[in-house]
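Enquirer: Quick mapping for you: the protein sequence lines, in order, are chains A and B.
Going letter by letter, the first sequence gives residues 1 to 384 in the numbering used here.
Going letter by letter, the second sequence gives residues 1001 to 1394 in the numbering used here.
FYI, nobody ran anything at the bench for these hints, they're computed from the structure.
All residues carry an ideal CB built from backbone N, CA and C; glycine is no exception.
Where hints are given, some of them may not hold.
[As the list claims (entries may be wrong)] Anything over 12 Å on all C-beta distances counts as not near chain A; from chain B, calculated:
no.	residue
1	V1066
2	S1201
3	K1369
[To be verified] The calculated lysine-lysine pairs, modelled on DSS-like cross-linking and capped at a C-alpha distance of 25 Å, are:
no.	chain 1	residue 1	chain 2	residue 2
4	B	K1229	A	K25
5	A	K4	B	K1229
6	B	K1004	A	K223
Chain by chain, the residues:
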Amino acid sequence: MSDKVAIVGVGISRPQKETPDISYKEMVYEAAVSSYNDAALASHRDIDGFVTCAEDFLEGTSIFDEYTPDQLGAVQKPVHTICGDFLHGLAIATMKIKTGLMDIVAVEAHSKASNIKTYYHIVNYALDPVWNRPLNVNPYYVAGLEMRYFMNNTNTSEEEIAQVVVKNKKNALHNDLNCFGASVSRKEVLKSQTTFSPLRELHMSKHVDGAFVFVLAHESVAKKLQKNPVWITGCGWSSDSPTLETRNWDECEYAKRSTYMALKQAGLKNLNQFDFFEIDDTFAYKELQHLEGIGLYEKGSAGKACLNGDLNTDGKTPVNISGGTLGVGALLEASGGIRALEIVKQLRGDSGKRQLQKAKRALALSWRGIPTTSGVVLTFEGPK
Amino acid sequence: MTIKRKPQSHVAVVGAGMTKFLRRALETPKELAFEAAQAALESANMTLDDIDCVIHGTAPDAFDGVHMKGEYLSDGSGGWNKPYIRCYVGGGTGVFAPIHGWLHIASGMFETALVVCEEKMSSCLPHPQGAFLTIFDNFIERPLKPNLLWIFAMEMNRYMNTYGISVRDIAHVSVKNKANALLHPAAQLGAELTVDEVVNSPIMAWPVHRLMVSPPSDGACAVVLANEKRAKKITKKPVWISGVGWNLDTSYWTNRDLAYPQYVEKAARMAYEMAGIREPKKEINIVEPYDPFAYKELHHLEGLLLADRGKACELAIDGISARTGNMPVCPSGGLLGVGNPIAAAGLMKVCELFWQLREEAGPRQVPGKPETGLAQAWGDLMQVGTVIIMRNKK
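Excised from the complex, chain A in its bound form:
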């Protein structure tokens, strides 16, 4: 692939636990304006195409793509919606630019989770309507089952998983976007209420509201729009089986395949070439499972690395410097935004107190949540 694509503008409506004073449209507008300004676009009319990420039931509206164009300045433009994480959206936008059809594409995802009264109830509708849904149990049991399987299969201890929570919540304290940053001890995590055994209250990320809009551009225009473009060097995504009965519980197949695809595009052979990682941590064990899935750690060793401090900001392989969704908050389809934003800030050298000394290459992974087996991996390279 010869055509390079860069992130040239980032904008957000900051994550908040509740946003009773603004609508999702206003949040997206705020993110879009700041992103277009960041990209030094003369006008939103300069954007050739738009990708938005949404799911009907989370919005409470069918064919939600109807309500995407106005607040993005995308009226009468090529706009479409995908069912995927924000990182999927970045991948599709990258693809659009590589076709040669477009030079500048904007990507949007948002969360108005505070509007959802019964999130579990909605997730239950994602379970197979014939085999699983009639059981009528809270769908988070799937995470409990998977965590138990992961612990047994890899000899990962509760202590090690608790350390993920300690690390991410601590990292979040340095991120001005955080909603759940905290100094907690492993003991506190292990004492928090059991929700879906062995899953505990503090293992689970909580939803927040917020919006992300990024502007991507072809290399021919990227440097005119942004003096510090962050290059998207590889995009991989994959799905394992949607049914609980036939999926591979043993390996994190989607993480493995997505990483392979992204690395191949980026022309990289191994993960040692990355300086830091922003990895899905919807549940604390997921961070470790994903790190083993992408191949950064051998099976059963990610937890030990976490306990040793290797995943800390000053460790060998910093993971979730942003604080992840455990520390910042989960944003439904926009969760990938936290990861991509942190990477852009780090690679631009704009991360302030938590700036890594060496930040040249980074990898992000998002997972679409229970009960899916769909994930996406993007690799990034800094401007210098």
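Dock chain B against chain A, hints included.
Expert: Below, chain B without anything else, positioned relative to chain A:
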């Protein structure tokens, strides 16, 4: 919009397949998707192992009552252990999904792609119109409990009043499409009708008559796409995608003039530019415009610049748009005749172009060795146009 650079590869349709369209399928949504995907792969002599990525298109989750319906349908669509993504633009999805497939291959990231569109509307009881209630704005529209017949009746009325078109003029479209569908083996509502029968059919919401509306349907369609290198090895008769375009108008549909679909024109101009088409009326041999209502075929032909404004009905009245006419329109039988499983309906049109341009449409084959075809779909709040142009020569 101006196309920036040449695509990394030409993209061809190399296989197509579909299920029957019917009111109530006994198959599950996954089974429908599987049946169509398998038929498309078999038509190209391929297996899933030959497929690099899968693109799924389906419209509201509310029909099936399944959250993240794309994930649920992924194995039935062949997405297991593959890059799989669902895209949607409401009713425009059926033509947008192959465009999404085109993006995958033209970007140089993949060599082959399987595009599957599925819709099962019959699960929605008592009637899928109930699901459509949830497409409207929560605050300013939903409390009025509108349904699709209402709002399209408004658009049809506006179209008729602006150009002085009668219900009888529009009825010719129903007669033509339902008759064309009699020869389609997957059709749900093929019929031999007269204009009088259409005009005298019950009024659903003035001026929409019962025989001017497509039915709710269950069904799935699939196509296989490949880059130039692979396409030539797979088949001797690849059908090339030479132009793609899509365009989304404002959510505030009440603020636009419903007489003319500007967004369809913009989508068409994007596709024409890419395909190098300067005189669409002369260069397009077969048209499959979106016809969920009889007037929509006319409305869209005008937006596609294939008929002058207010004059599209003359094509049907004079027989120009008949299967044997100068510019066959909906030779498949369209949504009015074949059926309207929302997202799958648009892809059915792309399948029809594939068969017509390969001269494999059997008794439906349009005469004169057509070379260039156009399929278009439309959806959301009378808001989105998606256009694809296909050729049997590169």
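Enquirer: Hint by hint, note whether the structure agrees.
Expert: Evaluation of the provided hints:
Not every CB of chain A lies more than 12 Å from the CB of V1066 (chain B), the least distance being 6 Å, so the non-interface label is violated. At the 12 Å boundary, the C-beta of S1201 (chain B) stays outside the reach of chain A, the nearest C-beta of that chain being 28 Å off. Even its closest Cβ contact with chain A, about 30 Å, leaves K1369 (chain B) beyond 12 Å, as expected for a residue assigned away from the interface. Proximity of K1229 (chain B) to K25 (chain A) is assessed by CA-CA distance (about 44 Å); at most 25 Å being required, the pair is judged violated.
Between the alpha carbons of K4 (chain A) and K1229 (chain B) the distance comes to roughly 23 Å, so the proposed pair stays at or under 25 Å and holds. Simply put, K1004 (chain B) and K223 (chain A) have alpha-carbon atoms about 17 Å apart, close enough for the 25 Å limit, and the pair holds.
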